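With the UniProt record's numbering as the guide, the letters of the sequence shown map in order to residues 1 to 271.
Everything labelled a hint here was simulated from the structure, so no lab data went into it. The structure presented is a predicted model; accordingly, all values stated were derived computationally and were not measured. Any given hint could be a false lead.
[Unchecked claim] In silico DSS-like links for lysine-lysine, alpha-carbon gap of 25 angstroms or less:
1. Lys60 x Lys80
2. Lys195 x Lys57
3. Lys212 x Lys76
4. Lys60 x Lys83
5. Lys151 x Lys190
6. Lys195 x Lys151
7. Lys190 x Lys80
8. Lys190 x Lys60
9. Lys168 x Lys151
10. Lys190 x Lys57
11. Lys166 x Lys57
12. Lys60 x Lys212
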Amino acid sequence: MMRYLLLLSFLLIIGCDKNSDGLNDDLIAAEAGYAPEMLEEMVITEINSPQKSTPSKIIKTASIRFETNDLITTHKRILKAIKEAQGYVQNDNAGTHSYGRTYQNLTVRIPTRNFDMALERISEGVAYFDERTISQEDVTAEFIDIDARLKAKRALEDRYLNLLSKAKNVKEMLEIERELAQIREEIEAKQGRLKYLQSQVSLSTLEIEFYKDEVTTQVTNSYGSKMVNALKSGWNGVSVFFLGLLHLWPFLILLGIGAFFMRRWIKKNKK
Numbered sequence: 001m002m003r004y005l006l007l008l009s010f011l012l013i014i015g016c017d018k019n020s021d022g023l024n025d026d027l028i029a030a031e032a033g034y035a036p037e038m039l040e041e042m043v044i045t046e047i048n049s050p051q052k053s054t055p056s057k058i059i060k061t062a063s064i065r066f067e068t069n070d071l072i073t074t075h076k077r078i079l080k081a082i083k084e085a086q087g088y089v090q091n092d093n094a095g096t097h098s099y100g101r102t103y104q105n106l107t108v109r110i111p112t113r114n115f116d117m118a119l120e121r122i123s124e125g126v127a128y129f130d131e132r133t134i135s136q137e138d139v140t141a142e143f144i145d146i147d148a149r150l151k152a153k154r155a156l157e158d159r160y161l162n163l164l165s166k167a168k169n170v171k172e173m174l175e176i177e178r179e180l181a182q183i184r185e186e187i188e189a190k191q192g193r194l195k196y197l198q199s200q201v202s203l204s205t206l207e208i209e210f211y212k213d214e215v216t217t218q219v220t221n222s223y224g225s226k227m228v229n230a231l232k233s234g235w236n237g238v239s240v241f242f243l244g245l246l247h248l249w250p251f252l253i254l255l256g257i258g259a260f261f262m263r264r265w266i267k268k269n270k271k
């Protein structure tokens, strides 16, 4: 780290003694003795040099799914375990599938130090897990690298700010401000990634799904029952037929009267 501070001090001293007509990468290289990219890599190397051990950055996640006999009781028990672990529910939704399964899904964030305890409490009373997955991702190397590059970008930003204070004309100022804008954009991106990693490390994510299958009773008819149903269906058909004939009674009476007179007329002609 001492080498890093001496390097920056050396750059500032040299920068105060130099004059320029235009600002570009060649100018930075001439003043510093290194190109901006080389300066960034040197600072990163210096920061990453062995000084003291960095605590491991581990992202823990888990996913569990199981069946329960009482959705409401299980839900209350899980919420109690989450509260005791100082966690919070990020997402909670319930629904019913078309085949009769009622389910509830929760996405939970729990402080990593309480992760194992919370998982154990939530798993109490569960006889069988359809799914139980626990994973750990070591992001220590990425965390250190991003942190080092962020410090290097900030050092480079300070260097450009120093050059901006010595700008001789508008052209130099515009060139420096353009470089500063790009550097600050990269700083914001690295800060965002670092913040995200820190959040994932400090708060573990737990996906929970529990469900209950509704019991449906299906009646299987025996062969005898089917015969009885068939006879009933046939009798119903005959009844419908005779009921239909009743609707035709006026026509049947007229047909009978016509047949009577026709028969008498035929007998009369035979005589």
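Now for the hints, and whether the structure bears them out:
Pair hint Lys60 plus Lys80 holds up; C-alpha atoms about 21 angstroms apart against a cutoff of 25 angstroms. Distance restraint check for Lys195 and Lys57: the Cα-Cα separation of roughly 13 angstroms lies within the 25 angstroms cut-off, and the hinted pair is therefore satisfied. The straight-line distance between the Cα atoms of Lys212 and Lys76 is roughly 15 angstroms, inside the 25 angstroms bound, and the hint therefore holds. In summary, the hint linking Lys60 to Lys83 is supported, as the alpha carbons are separated by about 19 angstroms, within the 25 angstroms threshold.
The hinted pair formed by Lys151 and Lys190 meets the criterion: a straight-line CA distance of about 10 angstroms does not exceed 25 angstroms. The suggested pairing of Lys195 with Lys151 holds, with an alpha-carbon distance near 15 angstroms, which does not exceed 25 angstroms. Taking the CA atoms of Lys190 and Lys80, the gap is near 37 angstroms; set against the 25 angstroms cutoff, the hint is violated. At most 25 angstroms may separate the alpha-carbon atoms for a hinted pair to count; Lys190 and Lys60 meet this at roughly 22 angstroms.
Distance restraint check for Lys168 and Lys151: the Cα-Cα separation of roughly 28 angstroms exceeds the 25 angstroms cut-off, and the hinted pair is therefore not satisfied. A hinted pair counts as satisfied when its Cα atoms are at most 25 angstroms apart, and Lys190 with Lys57 qualifies at roughly 17 angstroms. The suggested pairing of Lys166 with Lys57 is violated, with an alpha-carbon distance near 42 angstroms, which exceeds 25 angstroms. Straight-line distance between C-alpha atoms of Lys60 and Lys212 comes to about 28 angstroms, which puts the hinted pair past the 25 angstroms bound.
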